[in-house]
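As you go down the protein sequences, you meet chains A and B in turn.
Okay, so the first sequence: first residue is 8 according to this note's numbering, each after it adds one.
Okay, so the second sequence: first residue is 1305 according to this note's numbering, each after it adds one.
FYI, nobody ran anything at the bench for these hints, they're computed from the structure.
In this text, a Cβ means the ideal position worked out from N, Cα and C, and glycines have one as well.
One or more of the hints may lead you astray.
Said to hold, decoys possible - Cβ-to-Cβ under 10 Å is the rule here; a few derived chain A residues that face chain B: (1) Y30; (2) G75; (3) K80; (4) I257; (5) T458.
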Amino acid sequence: MHYDTVIIGAGMSGLSAGVRLAYFEKNVCILERHTTVGGLNSFYRLRKRNYDVGLHAVTNYAEPGSKGGPLSKLLRQLRMKWEDFDLRPQLHSSIAFPDCTLRFTNDFAYFLEQVAMAFPRQIDGFKRLVRTIADHDALNLDQRQTTSARHVVSEHISDPLLIDMLFCPLMFYGSATPHDMDFSQFVIMFKSIFHEGFGRPFDGIRLILKKLVRHFKALGGHLKLRAGVSEIVQRNGKANAVVLDDGTEITADNVLSSAGAAETMRLVDPSRPMIKPKAGDITFVESISVLDCEPASLGHNETIVFYNDADSFHYERPNEPVDLRSGIICSPNNFDYSRPLEDGRMRITALAEPDYWINLPEDEYQQRKMEWNDRIIESALKHVPDFRSHVVDTDVFSPRTIRRFTGHLNGCVYGAPEKFADGQTPVRNLYLCGTDQGFLGIVGAMLSGITIANRYLLK
Amino acid sequence: MTGVEIRQAVLEILERIAPDEDLSNLDDAIAFRDQMELDSMDFLDIVMELRKGYRVQIPEEDYHNLNSMQSTVEYLTPKLKDVPVAG
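All chains should be built: construct the whole structure from the sequences, respecting the hints.
Listed below in structure tokens is the structure:
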């Protein structure tokens, strides 16, 4: 079979691109190496319980029916309904640093008050920063130049504590680069977290993925699971086929890859890559505790806590297996649902050293995961009530898990430090979408697939 | 298709692209953009929906003809006069 486009990867970006192409009557096939869809944002069942991977919350929250924001754009482009995503808003979240906590909700005015209260001398600068952010066109695909976000922010804000507190959630939820991020990425993250905020479907990420798959197939799209791509075939500098792990060749006019920039170029020529984009190495370990009660019954009502216990915030590949100084605590129970979730959950995520986790021998791996799980929870107890006596099940994922399910070298979560905003590669008819194109988060990933499909594949 | 039928077809396209918009008071003489939230992505979708539904090709230099309902219907009338109403 010959396709107009084959898409590598059935994650959020690949599925969204697929929906667009199938809707406009393109012959399209999505190839996924794994037995299930989702990639970086997927789901699984373990010991009779449902788990989400990746997703703490969907950013870019908007009230159903609202117009103009990324979420409404996305739904329009996919011809999907607000109910399809069933997003329920967060309760409230916080950024907790030594001696200072800033709370935020999905109402930006509340965050502004919090900053004014905690940093009265910085508030004018903060408001100037907010205006700079509003005026910045972060979605300009032809913007190739990167600007240091720390530099821009320090032009408006002088207190290093406030700077670190602003960067902490934005980096944790989307920075592929250590210490600093590109200002456009900062703007995307700032709007998606502080202006728009968090939401979550009651049924978790599987709801969105299942709706996307159903929609894609109903439009005539083909989805092949257990169909890993081992090679992208190019003739005369033009991609025109892919070879699957089992040797099958599938020809196509275009190839859209969500596998990552470095990972994709390896598929073009494993021996002599034409360009060698650097693979990222920012990655995480996550401890997932299943509780016999709602976190709220222990006095914990916050949706997400971004914490840092060190004097300054260090966002970088740690020297130790896990950086215990900072992390993210997410309670998927603490969204505004109409009924309680099946069980209580506490997810704690912290920066991890990829090589340590990837190279551990299998027998030692399980044991180390459990050891570090205990240490991560212990370090988070400064910020949440001690829930340990309520834990009925535990799961942990590490960079090794992420590498296995996403194919990302180093098990990196946010992809390569250098992004390819226009989605182009040195090979004609081969395009990138997803993490390494550079739109972030779940809504960002979906917009990435849509944007690249619109720009090159719907002509 | 007649002008009335074309207007109805465009209205249905707008409903598909922007289901959150109330189109009952749409003023045909005023630009779409001035009475509904329509960005460039939505605008391109009008062009693509017309191509999909009615096999009409609209070159980029003609896009300005699609600013309002009135100008869209005027522009499409000769192009769609022999095209049957889509199901």
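* Which hint numbers doesn't this structure obey? -> 4
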